[in-house]
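> Can you build the whole structure from these sequences, using the hints too?
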Amino acid sequence: MFWLRRFWLLLPWTRRARERDLAEELRANLALAVEDAAASPAPHPHAARLARRDFGNITAAQENARAVWFPAAGFAQDLRAAIRGLRRSPAFTAVSILSLALGIGAAATLFSLVDAVVLKPLAYREPGRLLFIREVVKPLEHVYPTLPVNYLHYRFWRENAQSFESLGALTSSSAVLYGRGEAEVLPVALVSGNFFAVLGIAPRLGRAFTLTNERPNSPPEIVISDALWRRRFSASSAILGQKAILNSRAYQIVGVLPPDFRFPKNNELGPLARLPERIDVLLPIQSYLPDWGGEYDYIVFGRLRRGITERQGRAELDLLERRIVETHSGDIAEGLRVQTWPLQDVIASPVRASLLVLLSAVLVLTLIVCVNLANLLLARGSARAREYGMRIALGASRGRLAISALTETLLIALAGGILGTLAAVAAVRAFTRLASVDLPRADEARVDTPVIAFAFGLAVLCALLFGLLPAWRVSRADPQTALRGESHASTSGRGGLRLREFLVGSEVALCTLLLVLAGLLVSSLWHVLHVDRGFATEHTLIVSPNVPPSYRTAAATAFFDRALYVLRALPGVRAAAAVNTAPLAGESSVNGVAVDGAKDGAKDTASNHFVEVNDRFVSDSYFEAAGIPLLHGRVFEPADRNRNVAIVSARTAAKLFAGTDPLGHTVSSGSRISDARIVGVVGDVHASGLEGDPTPMIYIPFWKSGHVADLLVRCKGDPLAMEDTVRRAVQSLDSSVPAAAMRTMQEVVDRTVALRRFRMEVAGGFGIGALLLAALGIYGVVAYSVALRRRELGVRMALGARAAEVRSLVLRRGLRPVIAGLAVGLIAALAAGHLVRSLLFGVAPADPWTLGGAAAALFSVALAACLAPAHRASALDPARILRDE
Amino acid sequence: MADRLEFLQGTLDMLILRTLALAPLHGYGIARALRQATDDAIQVEAGSLYPALQRLELQGLLAAKWEVSESNRRLRTYRLTAAGRKRLHAEVSRWESFVRAVSQALNPRPAEE
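Residue numbers (my numbering), protein chains in the order written: chain A, 2 to 886; chain B, 33 to 145.
Some chain B residues judged to face chain A by a derived CB distance under 10 Å, without partners named: (1) Tyr-60; (2) Arg-64; (3) Ala-96.
Derived from the structure by calculation, the hints contain no laboratory data. These numbers come from a predicted model, not from an experiment. Cβ coordinates follow ideal geometry from the N, Cα and C atoms, glycine included.
Below, the structure is given as structure tokens:
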């Protein structure tokens with residue numbers, strides 16, 4: 002009943018009626034009291050007045066009655082007053098809300114990325130028991146510390162390892178899907194039969210493979226991805242049991258992967274791991290090369306038995322490796338062991354460091370925002386000291402004043418939180434759409450409940466932490482000093498200035514940290530982009546025609562011959578060539594080398610290690626098309642089709658021949674190069690990233706190799722303008738070669754540095770934001786100190802100080818906390834340098850140019866922020882100031 | 033005026049209920065009755081009285097009705113409800129035991145030997 006009545010009162014018309022009733026009741030009763038007093042036997046001369054006084058305060062009665070009706074009315078009042086107060090100073094409100102929104106938005110965006118990439122667990126059953134395994138092969142260790150796994154080794158482990166419940170393997174392939182629309186090349190993963198069981202995932206539809214799928218004569222079955230199911234099979238559940246034609250063989254579709262299925266990406270699985278960007282089709286592994294000593298091609302993971310540690314699992318695998326070496330000593334000369342990682346750590350490990358550094362940067366930025374907010378609030382507090390003093394003098398309780406000051410801050414926090422969250426939603430959406438950076442699982446980033454909670458938690462924390470300080474000062478306000486008027490030169494004003502100078506100093510120190518970080522990252526990117534790549538980036542188009550695997554060597558060679566013929570005839574094409582792996586497309590065909598018919602592999606004269614090279618199969622004019630300079634001898638010519646010749650890169654020549662002329666010597670490498678005569682030496686090229694050493698190469702005419710993957714087309718003008726022409730030309734050649742994928746060399750280079758660029762852009766954005774905030778803070782403090790010292794400055798000028806002297810006085814005072822903060826920031830940057838060392842390239846964490854540049858940038862911005870108030874101070878009119886006092 | 037009594041928390045509510053237990057009254061009537069009953073020692077201000085009436089009414093201890101007085105004035109008259117009467121009894125006995133306890137504490141009887 003009680004709550005019902007009270008609820009009733011919340012309705013505006015009930016409330017208004019109630020107010021009217023109460024007013025009438027009070028009026029009537031007061032009239033009655035006055036009448037009563039007048040009617041007494043001996044009326045007092047001021048009876049009416051006395052009666053009114055005795056009756057009591059009518060306004061108080063109404064106020065208190067309202068408090069009975071709405072117990073929260075006090076808070077609502079505070080809220081209304083706070084909104085009014087904020088609306089009265091729109092500049093303050095806008096600046097504080099926007100700066101808070103900036104900090105919250107940046108933090109929430111980065112948090113949602115970190116949450117998706119690093120924090121969210123994998124969708125596997127008990128992912129903590131999953132290990133990722135690679136092999137360490139002694140003779141190759143100096144080039145590749147670890148390698149993917151040999152399939153026979155994997156099978157040996159699977160049959161013998163006791164510490165693992167099961168071990169799974171996969172490797173990449175591709176296949177052409179025919180029927181139902183255009184033929185399409187699909188990325189395929191060949192998986193062990195127990196793939197699903199080891200990861201502990203179930204198909205969303207149909208069934209998983211089992212070990213019987215590995216038998217060569219088992220019925221051909223595939224599991225397809227959720228994406229493919231939607232795209233090609235219109236998400237129909239009738240798909241199970243249907244046939245799909247892959248590479249001219251009919252497969253039965255038995256299952257569909259769950260939509261959230263993810264497997265670590267190639268760049269997370271270490272060098273030479275082979276896995277397509279996305280997986281559309283899963284096929285069981287049914288055949289493999291019976292080679293115990295090479296073919297390290299399989300990505301292997303295992304599920305530990307419950308209670309077994311990673312170390313125990315690894316020790317057992319090492320034991321098994323030793324048995325493999327013993328039984329197959331003919332194939333494997335020496336040392337074989339394994340390296341393991343928790344699968345959870347593998348995902349995102351290359352970006353984890355970047356993200357954590359950026360997250361700390363964003364926290365620093367947020368801290369700056371908070372400090373700035375505190376500074377603004379303090380300034381507002383001093384500006385309103387008179388108002389607060391008046392309110393205290395009029396009997397407002399200090400607690401109440403503090404609460405009303407805090408209400409204002411909370412309102413700002415709320416508005417900043419909402420704006421910041423909206424900004425984060427937009428930023429995350431833009432990020433996942435553009436996704437120029439290959440962040441694993443970044444497409445899963447959402448501004449979801451935890452992120453929103455994080456944003457608002459942060460906003461409220463900022464508000465409480467930094468709103469309490471001004472609120473506390475407000476509650477300590479001395480009404481006497483405050484009311485004494487303009488003469489601000491009180492101790493509390495000075496104390497406030499000192500506090501604010503301290504805040505500005507810390508802001509500057511934090512800002513220095515961010516600027517140094519941004520500067521180091523900019524410098525790193527610059528260095529990476531200015532590495533001598535060894536090939537031409539401009540005007541080059543890479544075309545990857547999807548030649549069906551069913552094409553034998555002759556058919557594939559014929560296709561590429563015709564393609565080159567057609568492309569070279571196009572106007573606007575300067576050169577066209579074929580290569581099995583284009584520059585920056587990764588390392589492949591890695592083998593040892595033997596020189597001049599020697600049985601053993603050649604050793605590097607300098608390090609005494611076996612030399613490992615990448616074999617590349619190229620057409621004639623490849624070096625012209627790729628822009629790789631010829632250093633010595635000659636390049637390939639069409640007549641080399643039937644000759645056994647090779648060209649080596651400068652690095653290979655240096656390693657194998659140590660300064661002597663390599664021409665005329667013969668080299669053998671892998672299964673496809675034997676005793677090829679060296680006819681030329683060309684410049685070095687980066688095969689994978691731009692950041693390491695260039696990769697030693699041996700080039701062989703592609704007619705010997707069969708399958709070539711890429712066509713390099715060097716255009717006379719903009720390669721993008723040529724895309725359609727080139728695509729049509731390639732497409733017209735052979736109807737069974739499906740649409741060719743295409744990219745420019747510039748895109749490939751951009752992709753290589755995308756993560757670095759992203760990191761730099763984020764840190765740079767933070768740095769600029771921090772700089773602006775610091776400028777704002779500095780300006781506020783200097784302007785405040787000028788206001789405080791108005792009288793003093795006026796007296797100085799009246800006594801003959803010149804404008805320049807006043808200006809330098811203000812500047813010196815304003816720059817004092819800046820210089821102190823700068824010093825602290827630089828020292829902190831030096832101390833924290835090692836934390837970011839892994840992200841840098843070509844620049845030391847203590848790079849004097851970067852430190853100096855950051856300091857100079859900050860100092861000039863600080864100077865600019867001080868100049869306006871300093872100038873205003875020097876333009877003061879002493880006569881007016883002294884009159885005002 | 034200086035020795036006007038301050039109210040203990042909840043005492044005013046009890047006094048209002050007690051006053052209305054005798055007869056329905058309007059606000060000023062309650063104040064006057066209290067003043068007369070305590071020889072001017074208790075003077076209830078409008079700032080306390082009317083909000084208290086609102087509160088008691090919200091709690092369902094009082095019922096209010098607009099009535100026209102003999103002097104032809106519309107006045108809001110309060111009447112005790114059954115719940116109000118019950119509350120009054122409870123409050124009074126609570127008060128009495130409280131007073132007994134306090135006076136015992138103020139004038140302790142000599143311990144019996």
